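Colleague: As a plain string of letters, each chain reads:
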Amino acid sequence: MRKNQPLLILAAGLVLIVMGIVAFLMISGNNDGEPDVSKTVDGNKASESTGGTLGGPEPVSQLPASKYIALINEVPGENEVNQSDTFTMNISTFANSYWFTNEQEGQELALQWKIAGGYQVLYQPVGLAAQVLQGGYYTTIETYIFADMEGARSAYSHLAKKLAALPGTEKESPRGLANDSAAYSFVQGTVGVSDVVGVFHRFVFRRGNAVVSVQTYGGEPFMSIDQAREIAVTVDQKMLGERTATEPTPIPTPATIGVSQD
Amino acid sequence: MPRRLLLALCAAILAIPVFSACGDGAASDGGDAPAVSGTASPAGSENPGTSPKLDGPASKYSVSLDDLGANWITDIPATYVLKVENYAATRTFTSADEGRRLLNEWGYQSGYETGYSPEGRDTAVLNGAFYIHVETHLFTGEDGAKAAMAHFESKIKASGASAVNMLPLGNQSSAYTMTFGVIGKSKVAAVYHQVIFRRGNLVTVVLTKGAEGFMKVDAARELAVLADQKALGQKSAIEPTPTSNYTPAAGN
Numbered sequence: 001m002r003k004n005q006p007l008l009i010l011a012a013g014l015v016l017i018v019m020g021i022v023a024f025l026m027i028s029g030n031n032d033g034e035p036d037v038s039k040t041v042d043g044n045k046a047s048e049s050t051g052g053t054l055g056g057p058e059p060v061s062q063l064p065a066s067k068y069i070a071l072i073n074e075v076p077g078e079n080e081v082n083q084s085d086t087f088t089m090n091i092s093t094f095a096n097s098y099w100f101t102n103e104q105e106g107q108e109l110a111l112q113w114k115i116a117g118g119y120q121v122l123y124q125p126v127g128l129a130a131q132v133l134q135g136g137y138y139t140t141i142e143t144y145i146f147a148d149m150e151g152a153r154s155a156y157s158h159l160a161k162k163l164a165a166l167p168g169t170e171k172e173s174p175r176g177l178a179n180d181s182a183a184y185s186f187v188q189g190t191v192g193v194s195d196v197v198g199v200f201h202r203f204v205f206r207r208g209n210a211v212v213s214v215q216t217y218g219g220e221p222f223m224s225i226d227q228a229r230e231i232a233v234t235v236d237q238k239m240l241g242e243r244t245a246t247e248p249t250p251i252p253t254p255a256t257i258g259v260s261q262d
Numbered sequence: 001m002p003r004r005l006l007l008a009l010c011a012a013i014l015a016i017p018v019f020s021a022c023g024d025g026a027a028s029d030g031g032d033a034p035a036v037s038g039t040a041s042p043a044g045s046e047n048p049g050t051s052p053k054l055d056g057p058a059s060k061y062s063v064s065l066d067d068l069g070a071n072w073i074t075d076i077p078a079t080y081v082l083k084v085e086n087y088a089a090t091r092t093f094t095s096a097d098e099g100r101r102l103l104n105e106w107g108y109q110s111g112y113e114t115g116y117s118p119e120g121r122d123t124a125v126l127n128g129a130f131y132i133h134v135e136t137h138l139f140t141g142e143d144g145a146k147a148a149m150a151h152f153e154s155k156i157k158a159s160g161a162s163a164v165n166m167l168p169l170g171n172q173s174s175a176y177t178m179t180f181g182v183i184g185k186s187k188v189a190a191v192y193h194q195v196i197f198r199r200g201n202l203v204t205v206v207l208t209k210g211a212e213g214f215m216k217v218d219a220a221r222e223l224a225v226l227a228d229q230k231a232l233g234q235k236s237a238i239e240p241t242p243t244s245n246y247t248p249a250a251g252n
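For the protein sequence lines, the chains are A and B, in the order given.
The first sequence begins at 1 in the numbering used here and counts up by one.
The second sequence begins at 1 in the numbering used here and counts up by one.
Wrong hints could be hidden among the right ones.
[Unchecked claim] Dumping the calculated DSSO-like pairs for lysine-lysine here, alpha-carbon to alpha-carbon at most 27 Å: (1) B/K235 x B/K187; (2) B/K157 x A/K45; (3) B/K157 x B/K83; (4) A/K45 x B/K187; (5) B/K60 x B/K146; (6) B/K157 x B/K146.
Quick caveat, the hints were computed from the structure, so don't treat them as lab data.
Small disclaimer: the values here were computed from a predicted structure and weren't measured.
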């Protein structure tokens, strides 16, 4: 054994050197081609939304409903208005909306609740789905004004039940807001042709005679209910008179037809 | 002695994970090829196989609008037939003289360039679509094609593009990517991928431009596969309808 010692040391040393060279070549070979992966989605969710007034007064909001909407400069990110999905609501558009199973039900309930007017705006990231992959999101804000509190209460209750009953919808539990509020999330597919999961969050609330819905759509790694709730707080502050309620620049839309005009 | 041996063995054992990790790239030697292209082999791998001597025109080995399906628009100003006279003056070469010299050395037969835009253009690109540009170059022989491919690769590398892994294609292939500029008026970065391959006396370069977050080399490679199938006779190679007599401006 003693006789073979130098040979063994030599063999072990040679194995070590060969291993080292091969390992080096492998590592440097791998560095030749950078991994072809687009910018990694590095989720960075918004901080918890806890502001706003829970409970509080039940003011009577006046038309137009558009003046309570969060303006484009009040929504985070670099956005633009999607004009085709931004419009003033009338009974017809309201009765045909996702709120109801059919137009007849919509017409009946709209009259029963005495809707006075509504407004919807869609803000989209300037970079569309590609910007969603970097943390941007779509925001749809809807405001509905009813002739009285009772109509708004019934409408809110109907909407909250309708949303909760949608298959796949998860109930979220952020801090409450205004006189009534509820929050939901819904995971659906991926963002564009990417592998990033897309998620909708919706925060609905009632303040006096108004019902508001704020929905966001973004990449799951970035999104929580907090973005939608923060925007809802802005709308609620306008309804409470804590923030200036400015009517946005009009976009040509059908005229509002309130119940008194119908 | 036992301690020294142990140290040597430890070093050998420690090296094993390095091999395992790198084993993913073994598809080029005939191992199990991954289902999805673009991730398994080092850039520039050689894949010897059928090496046909192809006849012109080069345009028939390009990617056609029919290959892409609906929702694409031909970029007519970027579609033209190349010959030594008009190709030599482009920025593929440092000067028209150099271009003529090299193209003649390589036995340049003819070439064809074309591009396709998605319907919806930048808006579509921001939703995951991409622009396409295809160059097809035919040479009298394989040696000229090899030399041209080496030149094209050096030009791509000199542009600042980085090599990316891609499942080999043709007799020789490599792939590159570069992020440059933005898409439309957004702040979303534009990502370019280039796949270059040689099949016999044909060299094809496929470029895609899309939005960061959506793009991988796979899209360019899939288009390059279509071109290769035409070169191999596995897919009908039809000369496209001529669109213009446009001559690329010098320096383009």
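Colleague: So, for every hint listed, does it hold in this structure?
Modeller: Hints, one by one, checked against the model:
1. B/K235 x B/K187: Outside the cut-off at roughly 40 Å; violated.
2. B/K157 x A/K45: Since the Cα atoms of B/K157 and A/K45 sit roughly 38 Å apart, the hinted pair is violated (cutoff 27 Å).
3. B/K157 x B/K83: holds, 24 Å
4. A/K45 x B/K187: holds, 20 Å
5. B/K60 x B/K146: holds, 20 Å
6. B/K157 x B/K146: Since the Cα atoms of B/K157 and B/K146 sit roughly 17 Å apart, the hinted pair holds (cutoff 27 Å).
Comparing the model with each earlier hint shows violations of hints 1 and 2; every other hint is respected.
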